[in-house]
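Take a look at the letters that make up each chain.
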Amino acid sequence: MKNRLRLFTVSLILISVGAMSALSAFRKTKDAKPVAATTHESPTSQPATEQGRPFSAIVAPVDLPALTKKADLIVVGRVDSVKNLDLITGNVEGRAMQAQRMVASLNVDRVIKGSAETTRLSFDFLMPRTQSSYRDIRTSEMGMFFLRKNGERDFEILDPHYPFVIASSTAVATDADDLDRVVRVVGSKLTDPASSVSDRRAVVNVLTSARTDLSDNILRQAAKDNDAVVRLQALSALLSRGDVSMLAEAERLLLRRPANTDDYLLANLSSALEGIRDPQALPTLKRLLKSTDRNTRLSAALALRQMRTADAIEGLSAALDDSDRDVRYQAVIGLAEFTRQDSWAPSISLFRQDEKPYLVHWKAWVQTQTAPKHPGRNG
Amino acid sequence: MNNSRRFPFLRRDHVKICTIILVLILPFVSLRAIGSRTHATSRSREVVMTTQQQAGQKVFRSAQPATIITPHVLAASYYSVRKTLDANLLLSNQGSRPFEIHATLFNVSGDRFDAPPVMLEGNKARSFDLASWTDLAGTTFREGSLQVRYDGKEMELGGVLQLVDPEHSLIFDEELSEPMMFASSRLEGVWWLPSNKCGMSLAVSNTTDSPVSVLVKFDGLGTHKRGTETIALRDHETRLMDLNQLAEKQHGSISETGGIDIQYSGPKGAVLARGLIQDPSSGYSNVVEFVDPQTVKSSKLDGSGLHTADIRKEELQQVVVAHNFSDSPTTLTGRVSITQPDGQTSFVSLRPVALDSGETKSISLNGVIDREASRHATATGLEFQYSSAPGSVVMSAQSVSKSGNQVFRVPMVDANSVASSTGQYPWSLEGNSSTFVYLKNTTDKPQQYHLQINFGDDVYSSGLKTIEPGQPIAFDLRALRDEQVPDAKGRKIPLNAVRGQVHWSIYGDEHLGLIGRVEQFDVAKGISMTAACTECCPDSWYSFWIDPLNGAAVPGDTGQFSAMQQNITCYNEVLDPFQVFPNNFTSSDPSVASCNSTGFATALYPGTTDIGAHWTVRFWDFDFGSGGCTRYLETANPEAVCNVHPKITGPNSMWWFHGENPSGYSTQITLTTTSGAISYSWSVVSGGSKVSLTDNGDGSATIVSTGASDNMNDVGIQVSVDGFASDQFNLTVKAPYLLHGKNASHSADQTWGYFTQISYAIWDQFTTQLPSDVPATEQWTTVVVDDYAGNNWLQANEGGGNAPGGVLTDYIQGQNITRTPTRLVPQSPLLNVPVHHWGQDLFVGSLTPGAGRRVQSDNQQKYTDHADHTNITSPNPN
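First to last, the protein sequences are chains A and B. Each step along the first sequence adds one to the number in the numbering used here, with nothing skipped, and position 24 is 24. Each step along the second sequence adds one to the number in the numbering used here, with nothing skipped, and position 790 is 790.
So here's chain A without its partners, still in its complex pose (with noise of 0.2 Å):
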């Protein structure tokens, strides 16, 4: 048993030791050592992960802006062929891991940023043998893939998570500025005849990230789309990035609740007022106020309290008596963060415990901000 224990704990120190040079050597995979002697060739784009097992795990949304920036090369094209190369261990996802070295064939449509010598380039990637956020890449894969340099010809996937995103074989971009040449690739796929509907909502997803005035110019247009999950995914997006040039819309959505519109879609609609800064948007906010949704009045009351204007505070005081404590929160922490009285900004589990002196205080303050102090002969 003793010897059981000491060879299960050497093994652990080898496979640690593994683990700690090949993540070392993993940004360097041509020079990685393989520690199973297999070399395994795969003729087919299969992912090579264990038992075909899903995976669940905290992932951040893909980044448009910053993987435009960090690639050395963008590529619009379609993977001839993924090949099989060796096993390592590698660093994924912050953990050691057994990784199957990939390489993927490309045939290039047309080169985004960065220059490529032939229409045909290689690029190598990762796939851990378990379950993993990795995003796989399989033969005929169409897309705009970021790649940045593996040496002085070679490349590799910028980010596993999202080496390649949705993009059109046929746009033409012209555009001065990198990222608005990736938008306008990736928005032309909005109007191709031939997407799917389920292109156009992955359309929307990728350019959500990307917080420019053609991504913007992108998104309104997707806001009138035939789909609701498009129409509605655009507004939440427009919305969450302070476009107020659909609140209307989004107002009469929220109010109406229209029938046969999945809750989610409403829910994220109602998440994004909370990115609204314009104080053109107060009325609309101080009447959503109103809404029979919880969410809706939570994340209205939410972007007033951001504001830090005077001209919230109203619409803060009357959602001091709305009927959800969490709402009521908002307004008492608003109201304290704007007037800057510390002893009165509880945290949201001291006023969970016990939430009357505060509202006792907030409302008498608002008794005193509205007291008129002159009052004239007219009354």
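Derived by calculation from the structure, the hints in this document are not laboratory data. It is possible that some hints are incorrect.
[As the list claims (entries may be wrong)] Okay, the calculated bits of chain B under chain A, using three or more residues with CB under 8 Å as the criterion:
hint, segment
1, 711 to 723
2, 733 to 741
3, 747 to 758
4, 776 to 788
5, 807 to 814
[What the hints assert, rightly or not] Partner residues are not named here, just some residues of chain B that face chain A (Cβ under 7 Å, in silico):
hint, residue
6, 744
7, 766
8, 767
9, 796
10, 799
11, 828
12, 830
For each residue, glycine too, the CB sits at the ideal point set by N, CA and C.
Keeping the supplied structure of chain A fixed, place chain B upon it in accordance with the hints.
Relative to the frame of chain A, chain B by itself:
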């Protein structure tokens, strides 16, 4: 002491028995004041007194100016409500004490009418329409003279009688005078007529209860230019002499300029006189003021507030007239002083003027005053010196428009003959009227003054200001109000303020040196009046201190200490505090806080120091014996307390992740304070359960978070450096607390059918989103629960990752196509076919499942076409 000289009515026999009311309030000062009369003859005695002064407190004078109440009578030579004349008596209570006034009208024959007594409140001015009294008195009282009696201090009541003919735009004003203040039985006056159409009258009245005889000498009347008239006046009789008729009687006319010399029998002050000049056709009106030559102390005459700029597009002509009343020639030298908007004053010397005995000359200023400069001048003054004895030359000055309708009289006064360099006047901006206050330094050295404008219960104060030698200045009250010019403390006169009182006083070792007057005019109506209304003595000190009294600072702080003084008038009105500039500030412990001479202090090291300054304060007491002011000097030596506390510096917030230390979030901070001390003692004075503190012994402490704040800034840290405690340093321990704003999206995926992204904002306990990237993870808390019978879907492994910008996104894949039931791409609307679920907790602060701060518990629910978080509990802190 001869009481009959000071109280003439006491001589008056047995019928009128007046009571001298001598109320001695505050015996200390009063007794000393009286003592000075018996033991000292000097008018300016200096006594250095020690006042108990304690650091950090205001010092108040324990004794205030004595209130010695005696009867006083003020008189005006002539009033009339005949024809188109209106007569208004404006009385101003210069003190804070209310008193009763008794007005008496004497008709031209000397008959008397006692008007009903009126109570005049403190610091208030009231106007009385004499017609209301003459109506009661009878038709014979439509003209005559008047007297006003009150019991109070010297000059506590000021008054002006205005005779106004609004129809012809004429005004004759007369400042009430106290006959007992006269020093001789002689009056002298000088006139100037703008045209031969002018009429001139001379009113002469007897202020006593006995007959007097009056000898009037004219220079500039009739053929021989010189003539005399002898008048016998019964008690209180008034005689109005038409000088045009008198001149005709002497087969001549009235000269353009001339002088009048009046000598009378009876006591000093028994006769008052006033000349009235008018041209109803043009609207010109003016008065001839008479002076008692014996009250004049120097051979210098000053005037302030000469109008030089155009009025209503009319050019003004400046006229100065002088008459030599002595028996020998005299030479007059003078200059004009012009103050520009930048405060600079230029002087223009005039050619010397020789005056023979009895000669009157007009002194032309044409070409002397640059028209362009005068347009922008803020104030213009006149000063003349004559070579003969004091009082031998009488002058008058005025600015008059070409039409004659606008007349602005400038009294030419001997600055040494006034009681004190002070003044208090009512002001009014009603209708189109304007009020100007003019001051002029009549000496050859800088003088300081303090002026304040009262309106209602509020005040507008100039602060302590300096007037350069010979400089005239003006305060245009309408401009100050309408242009909202801030005072020394940033206050403004409200736009709806229309009346109040102006008070000013010289500030310094001398009680004389400035002259001042008020001028009210209405250019639309073409009328103006002026009055000087001095007070008995300059303002005295009432309290002093260093502002702020108690200063708290931390090393490195800087601040300005100011020397403050508050004065009180000789009528016991406490005035607005003002800043003085002693320029000798010191710190009792410069190692604690340094202080330069102007009071600018820098806190250096924990401890206590006193910031002090010293300057001379003056107390003026009216000398009942000499009629002058006795000065007492004291040294103000106030100190403010300056406490320099140790200063704690460091972040005001930190993070707690339940023992984890994610990059970008401070879970441990260092606080520092003054270095180099002998001893330090750090302590957590509030919120001790949220932090642990380690004293590093070198003026720093390490704070490690151990819990989350309940309130913002609820953790208090204090340090004592060499025994001096710091202020409490507050900080907030923030912690991830809950997930908010669930945002879901469902996308199609070639391999897994779908992938669902569920995003949340990670909130701290104050519902503020975490500011930057933070690791987060999920941890399964239950076994898989099948919802779809016979399914063979696989459970995903739990995994962590980065939550960029405080946004946590759970990325959930569907299932391989080989599994049952078959996964689908997201439908619209979503299908509600659950396959299986399990419990999960979401943590923030680490990539290790279960480590960090739990922010949510829920079920990860897999459906055939999407995934979701259900049964959410957030917050659910560990």
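List, from low to high, the hint numbers that the structure doesn't satisfy.
none
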